[in-house]
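Trainee: Each chain is listed here by its residues.
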Amino acid sequence: GENVEQHPSTLSVQEGDSAVIKCTYSDSASNYFPWYKQELGKRPQLIIDIRSNVGEKKDQRIAVTLNKTAKHFSLHITETQPEDSAVYFCAASTESGGFKTIFGAGTRLFVKA
Amino acid sequence: GAGVSQSPRYKVAKRGQDVALRCDPISGHVSLFWYQQALGQGPEFLTYFQNEAQLDKSGLPSDRFFAERPEGSVSTLKIQRTQQEDSAVYLCASSLVGEGRGNEQFFGPGTRLTVL
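Same order as they appear, the protein sequences are chains A and B.
Here the first sequence is numbered in the numbering used here, starting from 5 and rising by one per residue.
Here the second sequence is numbered in the numbering used here, starting from -1 and rising by one per residue.
Not one of these hints is a red herring.
Simulated pairs of lysine-lysine, DSS-like, Cα-Cα distance not exceeding 25 Å:
| hint | chain 1 | residue 1 | chain 2 | residue 2 |
| --- | --- | --- | --- | --- |
| 1 | A | K26 | A | K75 |
| 2 | B | K76 | A | K46 |
| 3 | A | K61 | A | K75 |
| 4 | B | K76 | B | K55 |
| 5 | A | K72 | A | K41 |
| 6 | A | K46 | B | K9 |
FYI, nobody ran anything at the bench for these hints, they're computed from the structure.
Use the sequences and the hints to build the structure in full.
Mentor: This is the structure:
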């Protein structure tokens, strides 16, 4: 069945450094890849997304890259700040037959001040 | 405007009890999703509605789980004869399909279900 693998499960960086989270997906029909940030006890919130016809997208300090051939995509956060500390989830969604979304297991990011 | 709301926020059930979880999506959102999130894990897809039609229920773990959205707005996830392994946060999300960033899902706060 469909699967999304996410690495690393935990990431600790110093404030100001960059953080990179990587995901791979199995369903070649996937064409929409959102990233969600979930703070402790709160709901997941979309931070950036990318569609399959684009290789890279940037929004201020965050960027996402997509390699459809290799079926992997990555989240890059530059100039990290303590408030970036949270759990980040990647996901892959397929439009055909609906918008079933498969999430990765999450990456817990710690940004040390 | 109002976001996605869910009720109750917390539910404690005795093993074997039936529970019903409610989701109020954002007004006008066509798509509605239910997810199960275990502690320390990502949301796991349960089922998906487009308006009142349940287009995908492949993620429902057993026939004890049932979801409906009879008028294409509010949805209810029902779990019969709850088991301890059903303990999790149940998240509802809605999205506006087919318009620009139609895939973006907006999540509710979740219902934390604890089965004793």
